[in-house]
Amino acid sequence: KQEVTQIPAALSVPEGENLVLNCSFTDSAIYNLQWFRQDPGKGLTSLLLIQSSQREQTSGRLNASLDKSSGRSTLYIAASQPGDSATYLCAFQTQGGSEKLVFGKGTKLTVNP
Amino acid sequence: KAGVTQTPRYLIKTRGQQVTLSCSPISGHRSVSWYQQTPGQGLQFLFEYFSETQRNKGNFPGRFSGRQFSNSRSEMNVSTLELGDSALYLCASSQYRAYEQYFGPGTRLTVT
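Chains as they are written, first to last, in the working numbering: chain A, 251 to 363; chain B, 13 to 124.
Treat the hints with caution; some may be incorrect.
To be verified - Which residues of chain B face chain A? A partial, calculated answer using Cβ under 8 Å:
#1 30
#2 57
#3 102
#4 117
Stated by the list, open to error - Beta-carbon label-pair distances, calculated as ranges:
#5 A:363 <-> B:72: 34 to 44 Å
#6 A:303 <-> B:54: 26 to 36 Å
#7 A:331 <-> B:74: 40 to 50 Å
#8 A:279 <-> B:98: 31 to 41 Å
#9 A:295 <-> B:20: 33 to 43 Å
#10 B:111 <-> A:317: 34 to 44 Å
#11 A:266 <-> B:29: 49 to 59 Å
#12 B:83 <-> A:296: 16 to 26 Å
Derived from the structure by calculation, the hints contain no laboratory data. These numbers were taken from a predicted model, which means no experiment stands behind them. All residues carry an ideal CB built from backbone N, CA and C; glycine is no exception.
Next comes chain A alone, as it looks inside the complex (with noise of 0.2 Å):
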């Protein structure tokens, strides 16, 4: 069965702090896997997709990791800020061209003032 999870559930760092989101998913032959951002009650929004040939990708605070050996990604947040909170989440879609997104719970982050 596919499953990706989200470790921690819940975070809560002060201002200014750097951190790490984790991820680990079961299913080796990914295709890609995606980073999200969901604010309460709203869509998603694409923060970074790593394809299965890369080791990362950054885009301006942000870092993430793809180890496809491990079957682990990490999503690095630098300096947060309180409208970096939100919740977090992570996908991969499988090789073979399906448009599926397996999706973790989710890391709901607070950066507190």
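Could you slot chain B onto chain A? The hints should help.
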């Protein structure tokens, strides 16, 4: 470029009724997928459409159906609504299959 749009944003229906949700993908995107999000189950894949054909379907009963039109717009239908169908229904589009997906704001369905 406009993002993915979904209508309506909120719906309240009674058990046993049916409902149709609409999704307009980003211009030029040909693939549309639908997901259901609930507090207990999280995000679950419903189905994917590409070139007006259903390419993949999740583990949902036949009451859930969908279609895609020639302009890539998509609709999903839920018949004989149950209380457990209350959820946020999200639509995602991508330029091609298995490319980066972009999500709409969702339709919040409440079944009473």
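Checked hints:
Checking residue 30 of chain B against chain A by beta carbon gives a least distance of about 24 Å; that is not within 8 Å, so the hint is violated. With 8 Å as the threshold, the beta carbon of residue 57 of chain B comes within range of chain A, its nearest partner Cβ sitting at about 5 Å, so the hint holds. With 8 Å as the threshold, the beta carbon of residue 102 of chain B comes within range of chain A, its nearest partner Cβ sitting at about 6 Å, so the hint holds. Hint status for residue 117 of chain B relative to chain A: holds, with the closest Cβ pair at about 4 Å, below 8 Å.
Checked against the given bound of 34 to 44 Å, the beta carbons of residue 363 of chain A and residue 72 of chain B, roughly 42 Å apart, stay inside it. Between residue 303 of chain A and residue 54 of chain B the beta carbon distance is about 28 Å. The supplied range of 26 to 36 Å therefore holds. The hint said 40 to 50 Å for the Cβ distance between residue 331 of chain A and residue 74 of chain B, and at roughly 46 Å that hint holds. Between residue 279 of chain A and residue 98 of chain B the Cβ separation comes to about 35 Å, which falls inside the hinted range of 31 to 41 Å.
Separated by about 21 Å at the C-beta atoms, residue 295 of chain A and residue 20 of chain B break the suggested range of 33 to 43 Å. Taken as a hint, the range 34 to 44 Å is violated for the pair residue 111 of chain B and residue 317 of chain A, whose Cβ atoms sit roughly 23 Å apart. Checked against the given bound of 49 to 59 Å, the beta carbons of residue 266 of chain A and residue 29 of chain B, roughly 50 Å apart, stay inside it. Between residue 83 of chain B and residue 296 of chain A the Cβ separation comes to about 23 Å, which falls inside the hinted range of 16 to 26 Å.
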